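Participant: As a plain string of letters, each chain reads:
Protein chains: 2
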Amino acid sequence: MLALDGIIQLTEEDEFAYQEMMTHVAMFSHPSPRKALVIGGGDGGVLRELSKHSCLERIDICEIDRTVIDISKKFFPSTACGFDDPRVNVHVMDGNAFIKGHSSEYDVIIVDSSDPIGPGEKLFEKPFYENMKAALTGKGIIASQAESIFLHPKIVAGLLKIAKELFPVHGYAYMLVPTYPGGNIGVCLGSLAPKVRKPARFPDENIKKTLKYYTPDIHEASFKLPAFAEEILK
Amino acid sequence: MLALDGIIQLTEEDEFAYQEMMTHVAMFSHPSPRKALVIGGGDGGVLRELSKHSCLERIDICEIDRTVIDISKKFFPSTACGFDDPRVNVHVMDGNAFIKGHSSEYDVIIVDSSDPIGPGEKLFEKPFYENMKAALTGKGIIASQAESIFLHPKIVAGLLKIAKELFPVHGYAYMLVPTYPGGNIGVCLGSLAPKVRKPARFPDENIKKTLKYYTPDIHEASFKLPAFAEEILK
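First to last, the protein sequences are chains A and B. Here our numbering is used: position 209 in the first sequence is 209, and no number is missing along the way. Here our numbering is used: position 37 in the second sequence is 37, and no number is missing along the way.
Chain A with its partners taken away, still in its complex shape (with noise of 0.2 Å):
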């Protein structure tokens, strides 16, 4: 188990349902995406699926602590194995200054943040996001880690706010990890132009079998939200 500041952030038993989750809901909405940026993320979870994808040409990490990365590799190598891509790049440094320096570059940008508090504050804010839409292609998406709606339903709302204000595009999607406070958490979606309440592509045979979250079913079925969540979103 990783936690950091006395929060778990994963467990080997379920962090598949976070990983998956984030990555695969946003990668498979995007019908031909070839360079993908991940902001935190140490841990090296959602690289390793994002590796997953043959079509992306280059994969990009910034996390601000290298201290997540070695501990990762060291005490996590079923998670940490996403840095082996030789298309992984990795940068150590603050996500909000890394992303400023970046211009319709990335298809696909992942923030796989912790809460809100610390040093994770600012990639819940505005700012961030309009940085993140300017460092996206023209049809690019962005995924962020997006919180519990039972449990924090204001910082799921504040984020979609900001994701429609931004985006035509925008949705949020819940999974179920058991080891997380509720069971569950969620992941705010920004779309430039694919839709992604639907996959434009599927996982084939070689991916399918790594998968043991991701369902182009689930995908779909992971928007759909309890009534008091829709009142809170809409």
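Since the hints were derived computationally from the structure, they do not count as laboratory data. Predicted model only: the values in this text are computed from it and were never measured. Watch out, some of these pointers could steer you wrong.
Pairs involving identical chains hold if they fit within one copy or between any two copies, as the list cannot separate such chains.
Said to hold, decoys possible - Computed list of lysine-lysine pairs in BS3-like fashion (alpha-carbon distance at most 25 Å, straight line):
id	residue 1	residue 2
1	234	161
2	154	209
3	35	209
4	208	154
5	198	122
6	234	74
7	74	133
8	122	212
9	161	212
10	161	73
11	234	209
12	154	212
13	224	198
14	198	234
15	212	234
16	234	208
17	164	212
18	161	198
19	164	122
20	154	74
21	195	52
22	208	35
23	139	209
24	224	195
25	198	35
26	208	224
Dock chain B against chain A, hints included.
Facilitator: Relative to chain A, chain B alone:
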């Protein structure tokens, strides 16, 4: 919070998720239910949800433990209000014994049991399901508390195997209940005729106002399981 034998049964914060999905997936799958039975469910929450269906003429409940009913009425009035419906008839006895005395009588049977240890154990075994099948009308549906596919895959698989053997239509749906271990729990559906994966009826405006979890969309989505769960249950 109500705990039995040290295990959380309900909290007022999120009991709606469980009660609504346990009740309405089965109820809205049936085109014209007139008589319903609850086995267990002494807190009254499933009764409260059943009472929203004006098409019901009679609602029986068979709870083994009168104390659960009394405590719920005293401390959880917003849940136990289900007992106030004049269509409700309370039977305090063992559910397995009760069901044997009934034949071709119920359109919908809901088993709101505790975990399969102690008094609830028999309610997870095939003879009980055979007795329930015999107590259903020709187009009847059963819905039973079926544990979490993440935490108790063997129990879920066992129940679904029974449902497959006895019912031409069957399925497992899940719902988010943050205060339960793992944050989710499921319902096992068995139907003699109606489809269960899509609603046959839809909430009218009056019911809709009272629903915090159930929607026709989430009815369908709740049957879409993570890849690993599809594999276990196929």
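Participant: Quick one: residue 161 to residue 212, C-alpha cut-off 25 Å, is that within a copy, between copies, both, or neither?
Facilitator: between (31 Å within a copy, 22 Å between copies)
Participant: Can you tell me if residue 234 and residue 74 fall within 25 Å by alpha carbon in one copy, between copies, both or neither?
Facilitator: Result: close neither inside a copy nor across copies, 44 Å intra and 37 Å inter.
Participant: Taking 25 Å as the upper bound on the Cα-Cα distance, should residue 195 and residue 52 be classified as within, between, both, or neither?
Facilitator: within (21 Å within a copy, 37 Å between copies)
Participant: At 25 Å max between alpha carbons, let me know whether residue 208 reaches residue 35 within a copy, between copies, both or neither.
Facilitator: within (22 Å within a copy, 44 Å between copies)
Participant: Checking residue 164 and residue 212: alpha-carbon separation at most 25 Å within a copy, between copies, both or neither?
Facilitator: Result: close only across copies, 24 Å inter versus 31 Å intra.
Participant: With identical chains, the pair residue 234 and residue 209 could be close in the same copy or across copies; at 25 Å between alpha carbons, which is it: within, between, both, or neither?
Facilitator: Cα proximity of residue 234 and residue 209: across copies only (16 Å, versus 36 Å in one copy).
Participant: At most 25 Å between C-alpha atoms: does residue 35 with residue 209 qualify within a copy, between copies, both, or neither?
Facilitator: Intra 24 Å, inter 45 Å, cutoff 25 Å: intra-copy only.
Participant: When Cα atoms must be at most 25 Å apart, do residue 154 and residue 74 count as within-copy, between-copy, both, or neither?
Facilitator: Neither. Shortest intra-copy (36 Å) and inter-copy (33 Å) distances fail the 25 Å Cα cut-off.
Participant: Given a CA cutoff of 25 Å, do residue 154 and residue 212 count as a within-copy pair, a between-copy pair, both, or neither?
Facilitator: Classified as between: cross-chain Cα gap 17 Å, same-chain 30 Å, threshold 25 Å.
Participant: Given a CA cutoff of 25 Å, do residue 212 and residue 234 count as a within-copy pair, a between-copy pair, both, or neither?
Facilitator: Only across copies: residue 212 and residue 234 sit 14 Å apart there, 31 Å inside one copy, limit 25 Å.
Participant: One pair to classify: residue 161 and residue 73, alpha carbons no more than 25 Å apart. Within, between, both, or neither?
Facilitator: Neither. Shortest intra-copy (36 Å) and inter-copy (41 Å) distances fail the 25 Å Cα cut-off.
Participant: 25 Å Cα cut-off: does residue 198 pair with residue 35 within a copy, between copies, both or neither?
Facilitator: Answer is within: at 21 Å inside a copy they meet the 25 Å cutoff, but 39 Å across does not.
Hint violations for this structure: numbers 5, 6, 7, 8, 10, 20, 23, all remaining hints satisfied.
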